[in-house]
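Go ahead and model the full structure; you've got the sequences and the hints to work with.
As a plain string of letters, each chain reads:
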Amino acid sequence: MTDEQAMMAVAGGDLDKAAVLYERYKRPVLGYFCRSSVNRDHAEDLMQQVFYRIIHYRKSFAESYVFKPWLFRIARNVFQDFVRKNRNIFSGLDEQMEMEDEKTYDHEQEYQLKRALEKLPQEYKEVILLSRYEELKYDEIAEILQISVSLVKVRVHRGLKILREIYFQME
Amino acid sequence: MKNVEELFADYLEGKVSEKELVSFFSENPGSRQEFEELKQLFEELPEVMQPEVSGNANDHFYAFLEEEKRKITPRFRVSFREVFRYAAMVLAVTGAYYFGSRKPEKEIVTVEKPVYITLRDTIKVKEEAAAKPEPQRAVRKQPAMMDELADIRKEVSQINEVQHKMILAMLRQESAASRLEAINYSYNLDAADVTLMDALFIALESDPSVNVRLAALEAVGRFELSPAMRENLVLALAEQRDPSLQMALMTKLIELREVKALPVFTGIMNNPDVPENIRDRAEFGVKVLNM
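Going line by line, the protein sequences match chains X and P.
Take the first sequence: its position 127, counting from 1, is numbered 126 in numbering that gives the first Met the number 0, and each next residue is one higher.
Take the second sequence: its position 66, counting from 1, is numbered 65 in numbering that gives the first Met the number 0, and each next residue is one higher.
Among the clues, some could well be false.
Under the rule of at most 30 Å between Cα atoms (straight-line distance), these lysine-lysine pairs were calculated in the DSSO-like manner [what the hints assert, rightly or not]: (1) X:124 to P:38; (2) X:136 to X:124; (3) P:153 to X:118; (4) X:58 to P:164; (5) X:58 to X:84; (6) X:136 to P:38; (7) X:160 to P:164; (8) P:153 to X:160; (9) P:70 to X:124; (10) X:113 to P:38; (11) X:67 to P:14; (12) X:136 to P:18; (13) X:113 to P:14; (14) P:164 to X:136; (15) P:1 to X:67; (16) X:160 to X:67; (17) X:160 to X:136; (18) P:38 to X:160; (19) P:70 to X:67; (20) P:68 to X:58; (21) X:67 to P:18; (22) P:153 to P:164.
Some chain X residues near chain P, calculated using beta-carbon distances under 7 Å [to be verified]: (23) 13; (24) 33; (25) 113; (26) 148; (27) 150; (28) 153; (29) 156.
Keep in mind that the hints were calculated from the coordinates and are not lab data.
The beta-carbon is built from N, C-alpha and C at its ideal position, and this holds for glycine as well.
Right, dumping it as structure tokens:
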């Protein structure tokens, strides 16, 4: 069963199929929030909100939609709502997260690159995350961000240039 | 020609040929170094393992899902119950009107007329009595009773038909709760027609919900099973992988003493991938069916 078939079934009232989609995408969605500099506890809350919204707004999913970009568009909306409501909590990284991260990476270079990526302005970071880690195509990213494909390409290129600068500054 | 930003982005997506790259750098030699550096940086971005989701988060999601399912289930339940109730009411009202509006059969006068004094009158009364003998009264009343019985049978048949149709419609619902409810309704029936039995067997063999499949098996087991239906049970056992359903099917087939199930029982018994309790049950079934 494809993602789209499962989601159409959910939209039609067969909520059991939501469990199929949850099992397929819970980790990628959680990873998206973790990589977006949200600490682990909040990331799990946000991941759950994404799936709650999928179920609540199931009838808005149309047959012509592709599920994965639709899912990440919801994830992005959830993330933006979170940032708006929690500017105090969401202040980049907290100390605990930094310490946890340090343990995760064996190589210093990898760790510094991750830190540099976290310092990248959001509009560049999100295209790089969606492209590199969620393996979404540019047209899908354009759909999620509601921008043109050309602008996505520009942001990928500029984002990497800025990332390189941040990285060298950190070194 | 593409600009460097577009070329770089397309390259990362694997949409730029080597020839196109060589051509671009021959015309823009200054951009080559930056291109290579960014490419290297992109490739060096750390691989990140997908984080594991905690059991607590999973529990929350599944509790939420169950709650959502409950929220939408009552709508179906009320709806179908209402329809059932209205169908029964319509039939009852129609029946009451039908029987109530019928005029009673004219009673045949059986009282002996007074015997008059005259011989002529006496003869006349006797002649009338002879023309309308007692047995004739019974003969004339019987068709009316038969009609009423036929009407009642027709009414019962109509109710059965309505119930069958409603159950079939509910079995096609997308909500597993509605399909379970349909199967529960089948318990009101003393007998199931071929269409309903087919629908129950389809639910048993292929319903996405294990609970519905188990309920369908139980419902099917209430009715008298033809040899073909018993074979369907054997086929279902060969197909099903859910342990609870395998267990229930084996129990039913053992109860039916269906020897055609022996090869399937043996296969399960010897399959190391099957849970031990299921294999034990299959072994028991082989023993019983070989007796």
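**Message:** Between the alpha carbons of residue 70 of chain P and residue 67 of chain X, is the straight-line distance 30 Å or under?
**Reply:** holds, 27 Å
**Item:** Hinted pair residue 136 of chain X and residue 124 of chain X, Cα distance within 30 Å
**Value:** holds, 15 Å
**Message:** Between the alpha carbons of residue 160 of chain X and residue 136 of chain X, is the straight-line distance 30 Å or under?
**Reply:** holds, 20 Å
**Message:** Would the hint on residue 113 of chain X be counted as holding, given a Cβ-Cβ threshold of 7 Å to chain P?
**Reply:** holds, 5 Å
**Prompt:** Taking only the CA atoms, is the gap from residue 136 of chain X to residue 38 of chain P under or equal to 30 Å?
**Reply:** Holds. Residue 136 of chain X to residue 38 of chain P sits at ~17 Å (cutoff 30 Å).
**Asked** Between residue 160 of chain X and residue 164 of chain P, is the straight-line Cα distance small enough, at 30 Å or below?
**Response** Roughly 67 Å separates the two Cα atoms, so the pair is violated.
**Request:** Take the C-alpha atoms of residue 58 of chain X and residue 164 of chain P, compute the straight-line distance between them, and say whether it is at most 30 Å.
**Result:** Since the Cα atoms of residue 58 of chain X and residue 164 of chain P sit roughly 28 Å apart, the hinted pair holds (cutoff 30 Å).
**Message:** Can you confirm whether the C-alpha distance between residue 67 of chain X and residue 18 of chain P stays at or below 30 Å?
**Reply:** Not satisfied, since the Cα-Cα distance of roughly 33 Å exceeds 30 Å.
**Request:** Starting from residue 124 of chain X, check that the Cα of residue 38 of chain P is at most 30 Å away, please.
**Result:** Holds, at about 16 Å.
**Item:** Hint validity - residue 33 of chain X Cβ closer than 7 Å to any chain P Cβ
**Value:** holds, 6 Å
**Prompt:** Should the hint that residue 153 of chain X touches chain P count as held when the rule is a Cβ pair under 7 Å?
**Reply:** holds, 5 Å
**Request:** Closer than 7 Å between Cβ atoms is the bar; does residue 148 of chain X clear it against chain P? Give me holds or violated.
**Result:** Check failed: Cβ of residue 148 of chain X comes no nearer than 9 Å to chain P, outside 7 Å.
Checked against the numbered hints given earlier, this structure breaks hints 3, 7, 8, 9, 14, 21, 26, 27; the rest are met.
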